[in-house]
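Undergrad: Protein sequence lines correspond, in order, to chains C and V.
Per this note's numbering, the first sequence starts with residue 90, numbered consecutively.
Per this note's numbering, the second sequence starts with residue 90, numbered consecutively.
These aren't lab readings, by the way, just hints derived from the structure by calculation.
Just so you know, not all the hints are guaranteed correct.
In this list, chains with the same sequence are indistinguishable; a pair is considered to hold if it fits within one copy or across any two.
25 Å max Cα-Cα, derived SDA-like pairs, lysine to any residue [claimed, not checked]: (1) K260 with S295; (2) K255 with G97; (3) K331 with P305; (4) K201 with E355; (5) K342 with E359; (6) K361 with L294; (7) K244 with F93; (8) K347 with L335; (9) K177 with P130; (10) K201 with K244; (11) K356 with E293; (12) K357 with E170; (13) K342 with R353; (14) K356 with I128; (15) K198 with K361; (16) K343 with T321; (17) K310 with E349; (18) K336 with L351.
In this text the structure is predicted, and so the values were computed from the model without any measurement.
2 protein chains.
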Amino acid sequence: MEGFIENGLLIVGLGFMGGSLSKELKKKGFNKTIYGLDINPTAIEIGQNLGVIDKGFTEYEKVPWDEIDFVVLASPVGTFETIAKLLKGFVNGKTTVSDLGSTKRLVYKMEKIIGSNFVGAHPIAGTEKSGVIYSVDNLFEGKKVIITPTVDTDKYHLQRVENLWKFIGAKIEYMSPELHDFIFGVVSHLPHAVAFALVDTLRELSDKKVNLFEYPGAGFKDFTRIAASDPTMWRDIFFNNKDNLLKSLQVFKKSLEKLEELIREEKKEELKEYLGEISLLRRSLD
Amino acid sequence: MEGFIENGLLIVGLGFMGGSLSKELKKKGFNKTIYGLDINPTAIEIGQNLGVIDKGFTEYEKVPWDEIDFVVLASPVGTFETIAKLLKGFVNGKTTVSDLGSTKRLVYKMEKIIGSNFVGAHPIAGTEKSGVIYSVDNLFEGKKVIITPTVDTDKYHLQRVENLWKFIGAKIEYMSPELHDFIFGVVSHLPHAVAFALVDTLRELSDKKVNLFEYPGAGFKDFTRIAASDPTMWRDIFFNNKDNLLKSLQVFKKSLEKLEELIREEKKEELKEYLGEISLLRRSLD
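Produce the complete structure using the sequences and hints provided.
TA: Below is the structure:
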């Protein structure tokens, strides 16, 4: 796999995701320089000390832009617009700019600011952990990466982004930003919202007499693991995909009410059948 | 650890939980006979063939009651009352009768039918798998077992149940049936209800164009694993702990609405703070 990065790669936002991208590229034999840019000096320091990146910066002005022909945004999606405006002063149309963001309709905003060299991508991989210190070298291989080109996306840059993910061994899937945001609003953003609300419920129902967190029963820990996720990242995702998330929350609440009614009315056969169907559906995922 | 079973043990309802109890006892060197009773001949056949139990029966009349001084109910809680009435004709006050059920206020019903030799117990261990074929020999060691004696519980039988779980190496905790059902209504039954509703939401939102089950994003699979659980078992739990479950569902819906509002109104700082608090709380469980 050749031709996706000729000079150097810059990762903007050096956290768990960006760090893991860098580590996995290095593990796979990527031999160009990987730079990191983060406003947090600690992230850069850790990234350099652990060898996650080759060289890091906290200021745009210090970055050796001439040696970079590929930029990946790996920060919370709420920072993308600001970063795009800053990048605009340093990169030209020859530099591929892509991202790892979990919402994709902001691609339109990005290409308006940066140009047709922006290509949206969302690798379906992650963890509830945050910070470059936790980054791993095997996060993306074999995982899906959703690439969301628009009518304006430049074919050359699209190909380079595809090549990057092929090099890592990810499974590429194309879809529109709109379809992406609908799907992940339901299968990812909704479950995260639900997990946060569930942990909040335990807090609300705990008091001086009973600390419910002392009884993390079977399922609860797995179930709410994702509620330990990074607050800024998830706030930004929730805002960026607000319409889809709020719509799917309405459907979820209807599902909840349907279940509630079957329980309240003690509909023996109906509830068994309903749970049986769902159990079967869920089993089919394993 | 001596003196908890002098003759033989009978497990009524031979599924994953009962089978795992038997296997773990045998692994720990338990040398009395373990019998199984199940209306399903296949469960008995599998249990015998795999050596999970020593001998199995599908009819109460066939069980060698004289050789049994300890009975454990391991079937869905909805069957307990019927089983208790049947057992009553075969066991006397010298036989300890206990259970593995996930709801505990039905202990009062059980001791009314069986007597003060009934002792309620709930091992906090399990899986979404069901069936004796999946049973394991290391489910209970180191796990919590909640024992829920009432004012009427016979001390001798209580001690025998305690000894059984000590022999296995579980961590015993005592509480009232009421407190048990409140706690597990929130930390276990509510998350299961939520997981079922969440999988239902994916079904509702899937159509001919998009099968959302093809995108089990990060977190979703873990999050909904428990929705693959046995439908009869969970229907019975939901009915038996209906009041607590419905109350905690109300609180959960309020938590959801709080989160929804923060998202709808795009309260940047408040949402970040809220998610940060929850993330911290959840992290404290690991």
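Undergrad: Work down the list of hints and note, for each, if the structure agrees.
TA: Hint check:
no., hint, verdict
1, K260 with S295, "between (44 Å within a copy, 22 Å between copies)"
2, K255 with G97, "within (18 Å within a copy, 62 Å between copies)"
3, K331 with P305, "between (30 Å within a copy, 20 Å between copies)"
4, K201 with E355, "between (56 Å within a copy, 24 Å between copies)"
5, K342 with E359, "both (19 Å within a copy, 23 Å between copies)"
6, K361 with L294, "between (28 Å within a copy, 22 Å between copies)"
7, K244 with F93, "within (13 Å within a copy, 74 Å between copies)"
8, K347 with L335, "both (19 Å within a copy, 12 Å between copies)"
9, K177 with P130, "within (23 Å within a copy, 72 Å between copies)"
10, K201 with K244, "within (17 Å within a copy, 76 Å between copies)"
11, K356 with E293, "between (30 Å within a copy, 21 Å between copies)"
12, K357 with E170, "between (53 Å within a copy, 16 Å between copies)"
13, K342 with R353, "both (16 Å within a copy, 16 Å between copies)"
14, K356 with I128, "between (57 Å within a copy, 24 Å between copies)"
15, K198 with K361, "between (48 Å within a copy, 23 Å between copies)"
16, K343 with T321, "between (29 Å within a copy, 22 Å between copies)"
17, K310 with E349, "both (23 Å within a copy, 23 Å between copies)"
18, K336 with L351, "both (23 Å within a copy, 15 Å between copies)"
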